[in-house]
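Enquirer: Going down the list, the protein sequences come from chains A and B.
Using numbering that gives the first Met the number 0, you'd call the opening residue of the first sequence number 0 and step up by one each time.
Using numbering that gives the first Met the number 0, you'd call the opening residue of the second sequence number 0 and step up by one each time.
One thing to keep in mind: the hints can contain errors.
Listed next, with one range per pair, are the computed distances between beta-carbon atoms [claimed, not checked]:
| hint | chain 1 | residue 1 | chain 2 | residue 2 | range |
| --- | --- | --- | --- | --- | --- |
| 1 | A | Gln-131 | B | Ser-113 | 26 to 36 Å |
| 2 | A | Asn-132 | B | Arg-100 | 25 to 35 Å |
| 3 | A | Gly-118 | B | Arg-100 | 24 to 34 Å |
| 4 | B | Gln-42 | A | Gly-118 | 31 to 41 Å |
| 5 | A | Gly-118 | B | Arg-116 | 42 to 52 Å |
| 6 | A | Arg-106 | B | Asn-132 | 14 to 24 Å |
| 7 | A | Ile-6 | B | Asp-68 | 36 to 46 Å |
| 8 | B | Gln-42 | A | Ile-6 | 30 to 40 Å |
Honestly, the hints are just simulated from the structure, not real lab data.
None of these values were measured; they are calculated from a predicted model.
Every residue, glycine too, gets a C-beta built ideally from N, C-alpha and C.
2 protein chains.
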Amino acid sequence: MSAFDGIAVGDPVEFGSYEFTAERIKRFARDWDPQAFHMDEAQAAETPFAALCASGWHTASVMMRLQVDYFAAHRGHGLSFGPSPGFDDLKWPQPVYAGDRVTFSGRVVAKRRSRSRPGTGIVTTEFSGVNQNGEAVFSMTAHVFVAAA
Amino acid sequence: MSAFDGIAVGDPVEFGSYEFTAERIKRFARDWDPQAFHMDEAQAAETPFAALCASGWHTASVMMRLQVDYFAAHRGHGLSFGPSPGFDDLKWPQPVYAGDRVTFSGRVVAKRRSRSRPGTGIVTTEFSGVNQNGEAVFSMTAHVFVAAA
């Protein structure tokens, strides 16, 4: 059975959760997004965010990591994804603040065989991240190529 | 003059370039996207990518870092961006391979004052990353809130 055949539309999968400690927020920001509201509590207090919060790219990267770990642990293989034709609607509806714990999940909403790439399927997945208060803090719709031969 | 008033539609800005060395690709992947094609040359050769290539989140994170550094160096301040209502059309049209040098730029394509948030503007920017062969490897359209009071 191909990876494509093994994917069922509607399957919700919870990848896991991650605590955005102040230390983790600052470490990511130092490398990739050194803006004041991601680096320093006092400076963050003076911005519209009002407190230290994670880079949106940190949140997205955590989603990726938890997803990879989930598939490695539960499916016994990597994602087997090829290149992606693109992602839509990347959103961070609420800031992720220091101390927040965010749970990430994905749900396959559509799949079809590619017309231009024989042996390849295109799978559309809605990803989401929800904090400990039940608030959505991350969402994204991804289209990825999956082996279908 | 507010940050919003200082932004001109059509302004192209080149943020800088970055060499995706194998070491940098693997280091990001170890933390955030430990898939074989981002971690190991031999295993990558057996995948549709055919060679070691960067995580898409690495490419996005580099874009963010170069943008922050550019504004810090050339405008003397941080981005002054508030929360983002969302990004559209995040694409990685070609893989970024080990040894590629990618140049990132942004172009403001629209700006307007927010109706729901007084004193705030919404700026739409098209971001792109182009490798040393002139091939697009990253594109994204971002909408961000900017102080307009």
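Enquirer: With reference to the structure, classify each hint as holding or not holding.
Expert: Okay, the hints, checked on the actual structure:
1. A:Gln-131 x B:Ser-113: 26 to 36 Å: 29 Å Cβ-Cβ, so the 26 to 36 Å window holds.
2. A:Asn-132 x B:Arg-100: 25 to 35 Å: About 43 Å separates the Cβ atoms of Asn-132 (chain A) and Arg-100 (chain B), which means 25 to 35 Å is violated.
3. A:Gly-118 x B:Arg-100: 24 to 34 Å: Hint holds: Cβ distance 33 Å, inside 24 to 34 Å.
4. B:Gln-42 x A:Gly-118: 31 to 41 Å: Given about 20 Å between the Cβ atoms, the range is violated.
5. A:Gly-118 x B:Arg-116: 42 to 52 Å: Once the Cβ atoms are compared, 48 Å apart, the range 42 to 52 Å for Arg-116 (chain B) and Gly-118 (chain A) holds.
6. A:Arg-106 x B:Asn-132: 14 to 24 Å: Violated: the Cβ-Cβ distance is about 37 Å, outside 14 to 24 Å.
7. A:Ile-6 x B:Asp-68: 36 to 46 Å: The hint (36 to 46 Å, Cβ to Cβ) holds, given that Ile-6 (chain A) and Asp-68 (chain B) are roughly 40 Å apart.
8. B:Gln-42 x A:Ile-6: 30 to 40 Å: 23 Å, violated
Hints 2, 4, 6 and 8, counting from the list given before, are not met by this structure.
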